[in-house]
Structures are given as structure tokens and as C-alpha cells.
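J.: Each chain, written out:
Number of protein chains: 2
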Amino acid sequence: MERTDAEAPGLLKPGRGRRRAEDVRHATLTAAAELLLAEGVHALTFSKVAARAGVSKMTLYKWWPSPGALAFDAYFNAFQATLAFPDTGDIKGDLTTQLHVFVDLLNRNGSVIAGIIGAAQGDPDLAEALSTHYVIQRRALAVERLTRAQQAGQIRAGVDLETIVDQLWGAVYHRLLLPAQPLTKEFIDQLIANLFQGVAPGSLDSTT
Amino acid sequence: MERTDAEAPGLLKPGRGRRRAEDVRHATLTAAAELLLAEGVHALTFSKVAARAGVSKMTLYKWWPSPGALAFDAYFNAFQATLAFPDTGDIKGDLTTQLHVFVDLLNRNGSVIAGIIGAAQGDPDLAEALSTHYVIQRRALAVERLTRAQQAGQIRAGVDLETIVDQLWGAVYHRLLLPAQPLTKEFIDQLIANLFQGVAPGSLDSTT
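First to last, the sequence lines map onto chains A and B. Take the first sequence: its position 197, counting from 1, is numbered 197 in the UniProt record's numbering, and each next residue is one higher. Take the second sequence: its position 38, counting from 1, is numbered 38 in the UniProt record's numbering, and each next residue is one higher.
If you're looking for bench data, these hints aren't it; they were derived computationally from the structure. Don't take each hint at face value.
Since copy identity is lost for identical chains, a pair holds within one copy or between any two.
[Stated by the list, open to error] Simulated crosslink set (DMTMM-like; lysine to aspartate or glutamate; CA at most 25 Å straight-line):
(1) 92 / 162
(2) 92 / 160
(3) 92 / 189
(4) 185 / 162
(5) 185 / 104
(6) 62 / 94
(7) 57 / 22
(8) 48 / 189
(9) 62 / 125
(10) 48 / 22
(11) 48 / 23
(12) 48 / 162
(13) 185 / 22
Required output: the full structure, derived from the provided sequences and hints.
T.: Listed below in C-alpha cells is the structure:
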């Protein structure tokens with residue numbers, strides 16, 4: 001996998017013709033994600049990614065404004081499948097499934113993920129990349145699923161769905177970034193129960 | 001205010017006798033909080049704090065295990081009054097008051113606070129200090145107020161109060177650290193409404 005000719009014109013493969021843009025993008029994102037998880041966001045440079053992916057550094061400069069932008073694009077890409085929002089038609093079940101997977105991921109790679117988010121604070125370029133290439137896209141996917149649930153009558157009309165994102169995934173990030181209580185599946189179940197049932201007395205005693 | 005004799009034996013004041021430990025602690029935390037808000041957590045050293053507070057560096061070494069621990073102690077101390085948890089007997093009103101003040105603070109000093117939390121990721125000493133000297137204490141104060149509300153019958157028996165902390169303050173930190181949506185008072189009101197009413201259909205339509 002690893003190539004030493006980082007500056008080689010990777011788009012031209014002798015005997016195999018020009019690599020398709022899609023293949024180059026895939027190879028780049030895979031290499032970037034591997035480097036990111038192995039060494040953290042500060043270690044990610046265009047040179048290292050180009051060498052590992054076997055593509056030219058010029059291509060990376062053309063496609064991504066900064067290594068930070070590439071990092072979050074790679075991060076988003078790597079976790080998109082794992083963190084997909086299922087739709088079985090049962091919003092509470094689907095949220096439970098997705099958030100259990102998220103907690104599993106954080107219990108494995110939490111310190112790398114916290115390091116990435118931490119590095120983005122106080123680094124405006126990285127913060128911009130985190131927001132554009134990760135946060136906004138992830139929120140949109142969550143809100144999309146919640147919108148279908150609201151249309152299906154499983155979430156009250158009038159409830160602000162963006163706020164639900166902060167009360168589920170934001171609550172989980174809180175335990176990652178300001179640690180004090182454990183990140184467990186029981187915690188996820190409590191998050192969902194509190195939010196759907198409500199914590200006030202007289203709120204639903206038996207939930208669907 | 002600023003003193004240049006950083007190494008002077010600050011506990012002995014000619015003509016005024018020994019400064020009381022409480023005064024020294026107060027002067028140190030005030031100086032540390034000022035430096036923290038002005039220059040960020042990385043700029044905070046025992047030397048600078050000692051010079052500004054007019055206390056000996058030895059005293060700081062004796063009382064705080066690291067500059068990070070001092071930073072969070074100062075941070076906690078500085079915001080303890082501002083971020084107090086009021087108790088008028090009405091939990092929803094009191095949470096609204098406290099969280100509106102919190103959002104105001106973040107809209108003024110958010111980038112400094114995000115920088116402190118960001119720096120703690122990937123720095124185990126700072127992370128330990130953040131947890132011990134800030135997060136655990138803040139959570140305990142919040143849970144204390146929520147416990148009284150639960151005893152007063154304003155929160156259902158059986159609801160896990162630690163989880164509520166993540167769904168209110170954690171949700172707010174989420175918008176600070178992974179920015180995409182605004183930190184407004186309307187957001188706070190939605191957080192509280194969602195959590196108390198519940199978002200499921202059939203949950204409380206009219207809240208107390």
C-alpha cells in the first residue's frame with residue numbers, strides 16, 4: 001500500500017491508463033482516514049496522504065482547501081456507513097440502534113475523535129472544516145430521519161428537530177469531551193426515554 | 001495590581017503581618033481567572049499567576065498539582081456565582097434562568113471556554129484537572145438542584161438526573177464545540193420544553 005514516490009504523477013498509471021477520479025478520491029479518503037485514526041489530525045499532511053494513497057499532491061491541493069478539510073471529509077466518509085440512520089419505521093428503535101453503534105465507536109476510538117474536535121477549537125481553519133465537512137452533514141442526516149418520524153406521527157408536530165439532535169448526540173459528545181459519567185448503552189436508553197416520555201410528572205407513564 | 005517580584009515571599013507582608021490563607025487563595029484564583037480569560041489556558045504558568053497575585057510560586061506548587069488544575073479551579077471559582085443554580089421552588093423557571101445566563105456567558109466568552117475544553121483533549125493532565133476541578137463539581141451542583149425538584153414532585157421518580165445534565169448543559173456545549181446552529185435563548189426554551197413535555201405524541205400537551 002505505502003508508496004515512497006509521493007510526488008509521482010499518480011493520475012497516470014503505466015499500462016493501466018488514467019485512474020478514474022472516483023477511484024482517486026476513494027483511495028485518498030481511505031488513506032487519510034487511516035492516518036487520522038492512527039496518528040491524529042495534527043499529523044495529517046497532504047504529503048503523507050499523497051504517499052499512502054499513491055496520488056499526486058497537486059490533486060489533493062486541487063480538491064481540498066486544507067489538510068483539515070481533507071481530514072474531516074475522510075472522517076465523515078469513514079463513519080458514514082457505520083453511523084447510518086436506519087429506518088425501520090420505528091423512530092425509538094432506530095435511534096436506539098444508531099446511538100448504541102455510536103457509543104461503541106466512541107468506546108473504541110473516542111480519544112482520537114475527542115482529539116480531532118479538541119484541535120478544531122482555537123484553529124479557525126480546522127473549525128471551518130469540521131463544521132462544513134462533518135457537523136452540518138451529520139446533522140442534516142439526523143434531521144432527515146427525524147423529519148420522517150414527525151411526518152409519521154411519532155414525534156409531536158411543532159417540536160424543533162435540530163434541538164433533538166443536541167439532546168441525543170450532543171449529550172453523548174458531552175460525556176466524551178467533559179468526562180465524568182460513563183458512556184454506556186444504558187445511558188443511551190435513558191436519553192431516549194427522557195426525551196420521548198418527558199421527565200415531568202404526568203408525562204407519559206407507558207411509552208409506545 | 002501587577003507585581004514584578006514574582007519570587008518574593010508573598011505570605012509575609014511587611015507591616016501587615018502574614019496574609020491569611022483565604023486571602024492568598026482568593027488573590028491567586030482571581031489572578032489566574034484574569035490570565036485565563038485574557039490569554040487562554042496554554043499561557044497560564046505558575047510564574048505569571050504568582051507575579052500577578054503577589055504570592056510566592058512555592059505556595060502555588062504546594063496548593064495545586066499543576067497550572068492546569070489551578071486554571072480549572074480558577075474557572076470554576078470565577079463562574080460559580082454567575083452560574084449558580086437558583087431555587088425559587090419552580091424547577092422549569094430555575095433551569096430557564098440558569099441556562100439563559102449560561103448562554104449569555106458563552107456568547108461573550110465562548111471561544112475562550114471552547115479553547116480550554118479543546119486543550120484538555122489530548123493532554124491527560126489538563127483533562128484530569130478539568131474533570132476534577134470543574135466538571136464533577138458543576139455536575140454535582142446541578143444534580144443537587146434536580147434532586148430537590150424530584151423530591152418536590154416536579155420531576156418523575158425514577159428519572160436519572162445525571163442524564164438530564166447531559167441533555168441540558170451538554171446540549172449547549174454541543175452547539176459551542178461542534179458549531180452549526182445558534183446558541184440562543186429560544187434554543188434553551190426548546191431544550192427545556194422537549195425534556196419536560198417529551199417529544200412523543202400523546203406526551204403532555206399543556207405543561208405546568
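J.: Let me make sure I understand: some of the numbered hints might not hold for this structure. Which ones are they, in numerical order?
T.: 6, 8, 12 and 13
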